[in-house]
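**Student:** As they're listed, the protein sequences go chains A and B. Take the first sequence: its position 425, counted from the start at 1, is 425 in our numbering, and no numbers get skipped. Take the second sequence: its position 182, counted from the start at 1, is 1182 in our numbering, and no numbers get skipped.
Because the hints were derived from the structure by calculation, they are not lab data. Some hints could be false.
Claimed, not checked - A few chain B residues facing chain A, derived, Cβ under 7 Å:
no., residue
1, Asn1020
2, Ala1029
3, Asn1078
4, Asp1163
5, Ile1164
Unchecked claim - If you anchor each label on the Cβ, the simulated ranges turn out as follows:
no., chain 1, residue 1, chain 2, residue 2, range
6, B, Lys1174, A, Glu244, 48 to 58 Å
7, A, Lys171, B, Glu1148, 26 to 36 Å
8, A, Asp282, B, Gly1041, 52 to 62 Å
Unchecked claim - Straight-line alpha carbon distances no greater than 25 Å define the calculated BS3-like cross-link-like pairs of lysine-lysine that follow:
no., chain 1, residue 1, chain 2, residue 2
9, B, Lys1069, A, Lys169
10, A, Lys15, A, Lys171
11, A, Lys197, A, Lys329
12, A, Lys15, A, Lys251
13, A, Lys371, A, Lys329
14, A, Lys169, A, Lys15
15, B, Lys1169, A, Lys171
16, A, Lys91, B, Lys1169
Please read these numbers as outputs of a predicted model, since none were measured by experiment. By construction, the Cβ of each residue, glycine as well, lies at the ideal position given by its N, Cα and C atoms.
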Amino acid sequence: MSSGPRPVAMTMLDKIWAQHSILERADGQTLLYVDRHLIHDGYAPAFEFLQARQLRPRSPQQTFGTPDHYVPTDGRIVERIASAERRDMVKSLVENANDYGITLFELSDRRQGIVHVIGPEQGISQPGMTIVCADSHTSTHGALGALAFGVGMTQATQVLATQTLWQRKPKSMRISVEGELGFGVTAKDIILAIIRKIGPAGAVGHVIEYAGSTIRGLSMEGRLTICNMSIEAGARAGMIAPDETTYAYVKGRNYAPAEGEAWDRAVANWSRITTDPDAVFDREVTLDAGEIAPMVTWGTSLEDVAPIDGNVPDPEAAATVERRDGMSKALAYMGLSPGTPLAEISVDRVFIGSCTNGRIEDLRSAAAVVKGRSVHPGVEAWVVPGSGLVKEQAEAEGLDGIFLEAGFQWREAGCSLCLGTNGETVAAGARCASTSNRNFVGRQGRGARTHLMSPSMAAAAAVTGRLTDVRQLQTGE
Amino acid sequence: MTVEPFETFRAPALPFAGINVDTDQILPARFLSKPRAGGFGQYLFHDLRFDENGVEREGFVLNQPGYRKTRILVGEENFACGSSRENAVWAIADYGYRVVVASSFGDIFFSNSLKNGLLPVVLPAEATTALIATLSREPGAMIEVDLEAQTLTSPEGVVYSFDIDPFSKHCLLKGIDELDYTLSQMDRIDEFERRRAESQGLSA
Chain A
1 MSSGPRPVAM TMLDKIWAQH SILERADGQT LLYVDRHLIH DGYAPAFEFL QARQLRPRSP
61 QQTFGTPDHY VPTDGRIVER IASAERRDMV KSLVENANDY GITLFELSDR RQGIVHVIGP
121 EQGISQPGMT IVCADSHTST HGALGALAFG VGMTQATQVL ATQTLWQRKP KSMRISVEGE
181 LGFGVTAKDI ILAIIRKIGP AGAVGHVIEY AGSTIRGLSM EGRLTICNMS IEAGARAGMI
241 APDETTYAYV KGRNYAPAEG EAWDRAVANW SRITTDPDAV FDREVTLDAG EIAPMVTWGT
301 SLEDVAPIDG NVPDPEAAAT VERRDGMSKA LAYMGLSPGT PLAEISVDRV FIGSCTNGRI
361 EDLRSAAAVV KGRSVHPGVE AWVVPGSGLV KEQAEAEGLD GIFLEAGFQW REAGCSLCLG
421 TNGETVAAGA RCASTSNRNF VGRQGRGART HLMSPSMAAA AAVTGRLTDV RQLQTGE
Chain B
1001 MTVEPFETFR APALPFAGIN VDTDQILPAR FLSKPRAGGF GQYLFHDLRF DENGVEREGF
1061 VLNQPGYRKT RILVGEENFA CGSSRENAVW AIADYGYRVV VASSFGDIFF SNSLKNGLLP
1121 VVLPAEATTA LIATLSREPG AMIEVDLEAQ TLTSPEGVVY SFDIDPFSKH CLLKGIDELD
1181 YTLSQMDRID EFERRRAESQ GLSA
């Protein structure tokens, strides 16, 4: 690399893009090199396509797999998965990984977990990398200062075969969050507030770089939560500049560069990928952290979100006819009436987990609310740790005891109730306080009603039996 | 992944009103473990199309006589947002659609469509609103799509132009699979990988 002056100030996206650009096609699409390919138990079609073409994975050493979508969270034995279809999905991953020499964290491995939890946890995901996976929440890994995004199965097949992907360079968007967060407000509330501001299509065609003092002040786990839901704002990816928080998180992890010379060289490379001070973004958005309250969703789209101290809104007050119709449909599905205080809505189920909020800090913040309290009668509350190692850590800290004593179910790692592909679902008409990422119609099960919120807010809902402003249960410190 | 060449055609179109239609609505997650070979058209819009007993819902647009054989789908803003599931494209394509029109698409769906011979057409919101109004008034009304000329003609004869990447257009017109082209570039990929390893000090 030359040390001459840069002709143009570059964003982090520009730099990572340039470092991975192999060639450009006449139509402006770039062939991007993929550093890490994360695969899961939904990959059976990709391997079938590959085999139909008589191809093999080109770079198995850059491919890492774990079953998460189809695994049960009440046991760890593949053969006991009741549905043959789901069992075959898990077995296909195991067989293909074994056949091709792909590193696999099997169901019986304590390192198994949700693919977006274990990538960072194992040090597989690192700053400056391009990371892809056939799952839209791959944006999670951008929290480490990587360009990480979800792809479809056909694209995943090309990545398996060539370790590359055709992409048109997205536009850049910086979302700056400045100031101090209020008491009881978490990373989940920040990203819900961002989506409320820009809308579920607000970042279509863009990669978001989250910046500002509030973002810099977040732990790595909080940053992972924010980047995870970039797709819910329509973004191609989300990213956060690597800094000391990032390096401290990555250092010493299984697949991270070894301490010593390799580590120092890596940090030197990583520190150069951050956005230049005078770089220009295609779009800039700013938020004041002090104005963000604990948030909950009340409808079936991510724009249907409000502070917990508000009421169910009235469709008649909507700005457009389309929005009015959308809100009316959402309220009918959710079984809610305009004007009802959000904090009066009772819940039947609570789900604490997912790639959004299934990490150790999430479980700690939920346990802090649950401690000394009991799950409200009639509420079924689950904790599904994001990985086997998160579960182990929580158990070492005694969090499992707090949850179990309160009446929660303490389960094994997987995607579980976020989307129900493993058969664990919420019943039609039942209402679930959930730390996951999508409140779509039928997302947690046919007819299921989802309210998204932070882990501490979900914990509060579990003990009171209704949506609750967690600040009323917290004492502050 | 063989793709049928895309020829200019005229077909009845489905008006699908509503913004932010997510891929969970297009194909519910519980069908994701179904084999590709079985086809996904039967599951398209499943929970909107069928009630809890598997009986068709009369009020749903696709169940109405004039729309059952539609081959072009007209949606609105942020169509097919959410999950990356390519099964959503397979469901639409397997049902028989060759074109999806919207004022904007979920990014991953857009890209998945092109790779399955399903043409995603972006038109201004005023155009999709007008098309949906016409198609709702006149079930079975025809739209014509000329990919070569990059035009879409409404039932009333209004001609809209649309953009598409020249490469994607070429692949769709000829039924070419992008992977073949990428495989022809393996030398470039190998060379890039060597240079990258060197610049990062990963090899001697």
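**Student:** For every hint, state whether the structure bears it out.
**Tutor:** Taking the hints in turn, this is what the structure says about them:
This hint holds: Asn1020 of chain B has a C-beta 5 Å from the nearest C-beta of chain A, less than the 7 Å allowed. For Ala1029 of chain B, the interface hint holds, since its Cβ comes within 7 Å of a Cβ in chain A; the closest pair sits about 5 Å apart. Below 7 Å, beta-carbon pairs count as interface contacts, and Asn1078 of chain B has one with chain A at about 4 Å; its hint therefore holds. Given the 7 Å rule on beta carbons, the hint for Asp1163 of chain B is violated: about 11 Å separates it from the nearest Cβ of chain A.
Hint on Ile1164 of chain B is violated. Least Cβ distance to chain A is approximately 9 Å, over the 7 Å limit. Distance hint check for Lys1174 of chain B and Glu244 of chain A: the Cβ-Cβ separation is about 52 Å, which falls inside the suggested range of 48 to 58 Å. Here the CB-CB span from Lys171 of chain A to Glu1148 of chain B is close to 29 Å, well matched to the stated 26 to 36 Å. In this structure, Asp282 of chain A and Gly1041 of chain B break the distance hint of 52 to 62 Å, their C-beta atoms being roughly 38 Å apart.
Taken as a hint, the Lys1069 of chain B and Lys169 of chain A pair is broken in the structure, with Cα atoms around 37 Å apart against an allowance of 25 Å. Distance restraint check for Lys15 of chain A and Lys171 of chain A: the Cα-Cα separation of roughly 13 Å lies within the 25 Å cut-off, and the hinted pair is therefore satisfied. Annotation: proposed proximity of Lys197 of chain A to Lys329 of chain A holds, straight-line Cα distance about 22 Å (limit 25 Å). The suggested pairing of Lys15 of chain A with Lys251 of chain A holds, with an alpha-carbon distance near 23 Å, which does not exceed 25 Å.
For a cut-off of 25 Å, the pair hint linking Lys371 of chain A to Lys329 of chain A is broken: about 38 Å separates their Cα positions. At roughly 12 Å between alpha-carbon atoms, Lys169 of chain A and Lys15 of chain A fall within 25 Å of each other, so this suggested pair holds. Restraint check: the Cα-Cα separation between Lys1169 of chain B and Lys171 of chain A comes to about 22 Å, which is no more than 25 Å; the hinted pair holds. About 38 Å separates the Cα atoms of Lys91 of chain A and Lys1169 of chain B, which puts this hinted pair outside 25 Å; it is violated.
This entry does not satisfy hints 4, 5, 8, 9, 13, 16, going by the numbered hints stated previously.
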